[in-house]
Amino acid sequence: MTELSPQNLDEQKEKVTRGEVTPVPEVGLGFVATFRRDSVVAFRHRGEMANPLMFFLMVITMVPLGISPEPSLLALLAPGMIWVVALLATLLSLDGLFRGDYEDGSLEQMLITPQPLYFQVLAKICVHWMVSGLPLTLMAPLLGVMLNLPAEGFLPLWVSLLLGTVSLSLIGAIGAALTVALRKGGLLLSLIIMPLYVPILIFGTSAVSSAIEGFPIAGQLAVLGAFLAMALILAPLAVVGALRISING
Amino acid sequence: MSQTLLELRNLSCERDERVLFCDLNLEVQAGDIVQIEGPNGSGKTTLLRTLTTTSGDYSGELFWKGQPLAKARLDYLNQLLYVGHLPGVKKALSPRENLAWYAGMNNGHQRLSVEKALEEVGLFGYEDTPCYHLSAGQMRRVALARLFLTPACLWVLDEPFTAIDVQGVDNLQRLMQEHASGGGAVVLTTHQPLSIDGVRHVNLLDNREVASD
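Quick note, the sequences are listed as chains A and B, same order.
If you read the first sequence in numbering that gives the first Met the number 0, its first letter stands for residue 0, the second for the next number, and so on.
If you read the second sequence in numbering that gives the first Met the number 0, its first letter stands for residue 0, the second for the next number, and so on.
To be clear, the hints were calculated from the coordinates, so they are not data collected in a lab.
Computed footprint of chain B on chain A, listed as stretches where at least three residues anywhere in the stretch have a Cβ under 8 Å from a Cβ of chain B:
1) 25 to 31
2) 37 to 45
3) 104 to 110
Just the calculated beta-carbon pair ranges, DEER-fashion:
4) Lys115/B / Met61/A: 54 to 60 Å
5) Gly65/A / Thr161/B: 52 to 58 Å
6) Gly40/B / Met145/A: 54 to 60 Å
7) Arg243/A / His200/B: 30 to 36 Å
8) Thr161/B / Leu236/A: 33 to 39 Å
9) Pro129/B / Arg182/A: 25 to 31 Å
10) Pro38/B / Met61/A: 53 to 59 Å
11) Leu187/A / Gly59/B: 29 to 35 Å
12) Gly218/A / Thr128/B: 51 to 57 Å
13) Pro129/B / Ile244/A: 31 to 37 Å
14) Gly240/A / Glu114/B: 37 to 43 Å
Treat the numbers as computed from the prediction; the structure is a model and nothing was measured.
Yeah, the Cβ is synthetic: ideal placement off N, Cα and C, and Gly gets one too.
So here's chain A without its partners, still in its complex pose:
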């Protein structure tokens, strides 16, 4: 085993360029490349990206008009309402996660790069969360004010959404990958993903309402964190498998 001096490294690169040795994929480089590409694409399509956010904002604005402007009633509804709408807004944005790549052929290219697909997928999901889940989370306290959410509920709402929306993006990506090759996958996507979202919704809303009622919420947040850890490790694996099946067809 030779030492890895800069000189050796250059030599190694030369050999790789000449095709003499098989380079081990530099995972970081691939992750950064995909992350950067997807962020730029998301930024260029920012109008589309704002759709789920607008949906979130509009539904929450309509609630006092449609149900009742009574502050005590709104306070009762607030945790569940914000969580349900955040969940639906995420669902709305999922369909496009792999669709663009599928249609222009870059998904196929992603599958046959020497890079591990796991990290490519993770990079794509990170960007998806940054343009959907993160803005929703950041805006949630504002909507809490509109729905007269009691003061004790704000921090739990924020933390639970922060933990929960990442899981929503990760789990949702599985459905998006399964339905990417179908022409009308929208309905199927919702049907596949909805049941998997239910536990996150239950623990998310219960964290907020428990906090309002003065109970400790560490348990709910721990469960949300456990969901997140599990999804972070396992969801990309499922997505990779689903993408290979979708492209194969």
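Mind docking chain B on chain A? Use the hints.
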């Protein structure tokens, strides 16, 4: 030196109860340019997709440098460049950004700089123009610029000449010839007759290699 790069043994593919090709045997050697021929719907693209490992819907065996493909997958993918029917170019990005992604996928190993490659395919001055402002031919050229960047030795090209002008087709053929004489190999589908000597023709309709004239 003629090293066997890719070997297909008894490759068959059936789709919707229709046999596309069966018992196809082919050895692609270093220095070969193989043109897959056949009418529309005869399975050319399916064959190429099988070669790129994106389609596992076949029976038969594939070997890369004498090893089963499943075992030599990483080495194979490192040495493979596939330009498919879809260009794999993001319309929202500029040619430079598109190629930078491919460079990242390739661990940054490139033969030329992105600017130089774009100049070679005649897109000098378009480096930072978003691809949706480019014409179909220019989009295709962005995808083909990868041929100048990649260190891969096996090129699999699906209809590379679509929407490319006469001059561009000539340049592309010259590039393939250079690549083949440098020890690489090209497998391509096209309906256009190639003006390169020594091209091997494989006709999918009767599953045999046509003796080159």
